[in-house]
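These are the residues of each chain, in order.
There are 4 protein chains.
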Amino acid sequence: MEKVKDFRWKKGISVNELVESLGNVGFQSSEMKKAVDVIVKMKKDGAKIFFTYTSNMVTSGLRGFFAQLIELGMVDVVVTTVGGIEEDIMKAEGEKFIIGRFSADDIELYEKGVNRVGNLFIRNESYLKFEDTIGKMLLELYKKKPRWTPSELIHELGKRLDDRNSILYQASKNNVPIFCPGITDGSFGFHLFMLQQKHPDFVIDVVQDFRNILFCTSHDDKKGLVSLGGSISKHHAILACLLNGGLDYAVYLTTAHASSGSMSGATTEEAKSWGKVKDDSDVSTVIGDVTFTFPLIMVKALETLEKDGMLK
Amino acid sequence: MEKVKDFRWKKGISVNELVESLGNVGFQSSEMKKAVDVIVKMKKDGAKIFFTYTSNMVTSGLRGFFAQLIELGMVDVVVTTVGGIEEDIMKAEGEKFIIGRFSADDIELYEKGVNRVGNLFIRNESYLKFEDTIGKMLLELYKKKPRWTPSELIHELGKRLDDRNSILYQASKNNVPIFCPGITDGSFGFHLFMLQQKHPDFVIDVVQDFRNILFCTSHDDKKGLVSLGGSISKHHAILACLLNGGLDYAVYLTTAHASSGSMSGATTEEAKSWGKVKDDSDVSTVIGDVTFTFPLIMVKALETLEKDGMLK
Amino acid sequence: MEKVKDFRWKKGISVNELVESLGNVGFQSSEMKKAVDVIVKMKKDGAKIFFTYTSNMVTSGLRGFFAQLIELGMVDVVVTTVGGIEEDIMKAEGEKFIIGRFSADDIELYEKGVNRVGNLFIRNESYLKFEDTIGKMLLELYKKKPRWTPSELIHELGKRLDDRNSILYQASKNNVPIFCPGITDGSFGFHLFMLQQKHPDFVIDVVQDFRNILFCTSHDDKKGLVSLGGSISKHHAILACLLNGGLDYAVYLTTAHASSGSMSGATTEEAKSWGKVKDDSDVSTVIGDVTFTFPLIMVKALETLEKDGMLK
Amino acid sequence: MEKVKDFRWKKGISVNELVESLGNVGFQSSEMKKAVDVIVKMKKDGAKIFFTYTSNMVTSGLRGFFAQLIELGMVDVVVTTVGGIEEDIMKAEGEKFIIGRFSADDIELYEKGVNRVGNLFIRNESYLKFEDTIGKMLLELYKKKPRWTPSELIHELGKRLDDRNSILYQASKNNVPIFCPGITDGSFGFHLFMLQQKHPDFVIDVVQDFRNILFCTSHDDKKGLVSLGGSISKHHAILACLLNGGLDYAVYLTTAHASSGSMSGATTEEAKSWGKVKDDSDVSTVIGDVTFTFPLIMVKALETLEKDGMLK
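Chains as they are written, first to last, in my numbering: chain A, 4 to 315; chain B, 4 to 315; chain C, 4 to 315; chain D, 4 to 315.
There's no promise every hint is true.
[Stated by the list, open to error] In silico DSS-like cross-links for lysine-lysine, where the CA-CA straight-line distance does not exceed 27 Å:
(1) A:K8 to D:K315
(2) D:K6 to A:K8
(3) A:K14 to D:K310
(4) B:K47 to B:K315
(5) A:K99 to A:K132
(6) A:K47 to D:K310
(7) C:K225 to C:K44
(8) C:K8 to B:K176
(9) C:K47 to C:K310
(10) D:K146 to C:K148
(11) D:K148 to D:K176
(12) D:K6 to A:K132
[Said to hold, decoys possible] Taking CB as the label site, the calculated pair distances span:
(13) B:Q200 to A:K225: 25 to 33 Å
(14) B:E23 to A:Y130: 38 to 46 Å
(15) D:S221 to C:K315: 49 to 57 Å
(16) A:K99 to C:R11: 48 to 56 Å
(17) A:R11 to C:K315: 56 to 64 Å
(18) A:L314 to B:S284: 50 to 58 Å
(19) C:K132 to A:K99: 52 to 60 Å
(20) C:K115 to B:E23: 24 to 32 Å
(21) D:K47 to C:E128: 35 to 43 Å
(22) C:K115 to A:E128: 32 to 40 Å
(23) C:L314 to A:I110: 46 to 54 Å
(24) C:E23 to B:G312: 24 to 32 Å
(25) B:K14 to C:E134: 38 to 46 Å
Hints listed in this document are in silico derivations from the structure and should not be mistaken for laboratory results. Here the structure is a predicted model, which means the values were calculated and not measured. For every residue, glycine included, the Cβ atom is placed at its ideal position computed from N, Cα and C.
Isolated chain A (complex conformation):
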């Protein structure tokens, strides 16, 4: 059995060394190291890797890292919420979000046309510019054909962007499908509705996309999941894998706890009862804000995999 070992700083310490040491520190740090091991294991085992996140993480600076992971071949299937599509496009078009304060005066922000997401600020202008962009793109796509699945649509949008830090850009370039089962739940939905008002034959086929996510893996594939946060994106990836025989590897990073029976707080333990995951050495749940847990875990996994030539 592993022992607790005293951590000590040494000058210039790398993330690789830090996370290695944290494995022997205990509490969430050991779980973090276990998450690294599970990710390395799923990659080496050739598992199909599902990756899920919520839109607030795209609001944050994790977005470029997500794009890079696709570029490096660490992700085979993405599931996210529509806000994560919108803001990726906004940023690809040059919009800048601001580091603000959790305790900002919200009435004052409103009067200045600033919207708050935790301690991040998004100006109204950013949305207005997005509306122009997306309206044009959607009309262009409608002209090709009237019936689209969300993943097809997102693939086409990605092809129209030019930003190596864009998740959509990298996904399109690397043929990684992005699923978004709740495609109307954002200002994107409003633009879809506007288009349908003018062109009633325009339709988004979410049922077909459920077929697509089911068929992008199979019972025979090894399957792994790296899920950040909760929501429909986490649940959808679990569901798709479950219908294909269950997950072989799972890493859940979340701030939610299991006490209320929510999907966000559901642990990899609970997942075992669903036949989703099978063995203790193949799962890890880490509690904490993904803006630091995910870079720590994934950087360590990348350093390890890079050494073994497992990255694109």
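Chains B, C and D: place on chain A using the hints.
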């Protein structure tokens, strides 16, 4: 300004009296009393009341209470996740869920064909029976027409149930629309896909339903929101109201905190920056498991509104 | 096995009926009902009941309820933090605390001489008046003898108060010892220090009080614990019982989670490994703000015990 | 205003670079970077630095890092709980703790003589050996004089250890006082009691130690606080500084939230109302498990301070 007052038990104390007292106890109890006041105010003001919840709450015994609220005229629009549709139907068909333990052995449960959601257990048989039911219902509806919005479909399903504790039954009976923007994210999605495999013209029109949720209220309506938990259901209701000029009243009950910028943890404070809610006396965020915060708050609100003849 | 049952409101519902129903609702509500059962069981079994809380709960209106529990014979031993002593005295002397807001402007409050504890406000004057009171009381006690244990001191202070909602008053009247192992950690500590400056032979004997808490129970006693929040008070009660053979019954109410290995978040599960608690039917951990979880649980327990003539 | 910037991994990235980048990622990562800035600022400003932690962190591998911080001159005053004293001694005497599992079977552990703290295991033998050691040390100290303050006692214990990873060893060597206001709340308390049984004139003078913590700083000193977790240790440091005019800098790292008015969850915002901290650029609260938040923050601060020759 209100003072802190010492709470004392008296024999036979009612929920009405307890929550009244808790208003002067402080911390989340005062926020809870404030939530009661906001709900009473939104109802008396004739606001259109949006009500959102996640599927785990339908797994729990809150389901009958949600149905009752619709019956009593406390809810004008419902937004939920698809699991909340599925389990309502399962229960309406007679399935029973079990009170288990958070610390149950998940491998053992799996072997027994039992699925765990927090401390609640659902047997595999319950899902199998649901599959029979839903498959037949969907085929019958397809025969009427090939293109359905989720809310239309759910309305029809509700008409086929006969259980006063069913949310769908009461919603259909009382003409309360239930929106479910992520309709494919459940075993329901699997059945939609199966139907589409056989009948490729079958399509679920989520874009049309976005129009429907937008048009079920207007800029002129007063609008209130009672949101339980987070997820796409909370966000969708906020979005629909925002596009109609913003919420006048909002009560958020959640276990999540604001520290990670997630939708689940987003507070009614933050909502002000989005122009969603306008005044401090009209909003309340209560942190805690909804299985007890919601009955406490809503029972108190019902007792008050009943006295004033405001219930159906 | 218990089934999930749909909760429905009926007009005038009592807390007794509500909590009974919540037992079949699931998630934290079922744990809550289990906590009721454990408390009733420990009382009926004649267990020595340890009760712990932290000072913020005395800031809140739970204080009067705690006093009432002592009056009713529900508590045999109290362990708390020194803030819980100070504020009980302040309130017994007539000070009023204010229900404020979590999001109040703290700089503004400071300038007004108002101190914030969550959403509760305490004015500087309240502390100033306390200083007068306590300084005199301590000098008077010193004149009796120079060496005091915290529990002796607190017992004497309680005898000098006259307020049935005072925890100290009821504890002194009912001969319930109040232990406070961190007696100097508050403005109380400052007054002890002032007295010692003038009278160097004045000493607080905390070691003797450790003997006292050990000797107020024995290996032969059945022992139960109702612990609210975390901190030194929770730990101290567990420790005293552990050294006497371990707890037979334990109810922990807390907002903290187990993920960081803290005492606040330590569950009754973990306690089993320490030999502290022995059986699953005799323990319960409920996650949530005690300002509502505790009244719900304890009112239900009181109603049950009162019916069986188990209250004083 | 700072902008959100996309984070990208580059091979061999150092902790220094990572945390720098995280400052522009948002949510808790930006708060983390702010915490670094506050710590660097307090050190450069020559502030007296108070450092507090709870015993579970000494159970973890952070212990060696805490010792190193004292060695490097980053800490002027320590406040902790008594478990943090005991386990430091146990480890200095060669005891090893084990990395276990949160979901271990607690009954089984108990039968094997293993105690669980989160996912860390401590064997009964470790306690038994500690008892031998501490009993002898205390008797030896009693023979010198009968009246001791906790900080004096701890200083003497530290002189008897020989382990550079020991907090007590480094504190004694570097003349950093360790305060422990709840000195009896652990097995240490039991040994103090045993000694007092034999030698009734033996007394621990906690009041004198309150004087000591007050006098180890002054109104004229700049004062900074780095507080990990909550409990009496956090509160005691804040109190001592408050009585000396308030803190100039404060960093709180915790997993608790402000919603229940607890000390663990109290933020640096709330502290402003108490006159404890004065300006926004001088405070930071980071939510997350300290086993990773603290190494990230403090390593970055050390790298910066080392470059400027500010470390011992």
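Could you tell me which of the hints above the structure violates, numbers in ascending order? Failing hints, ascending: 2, 6.
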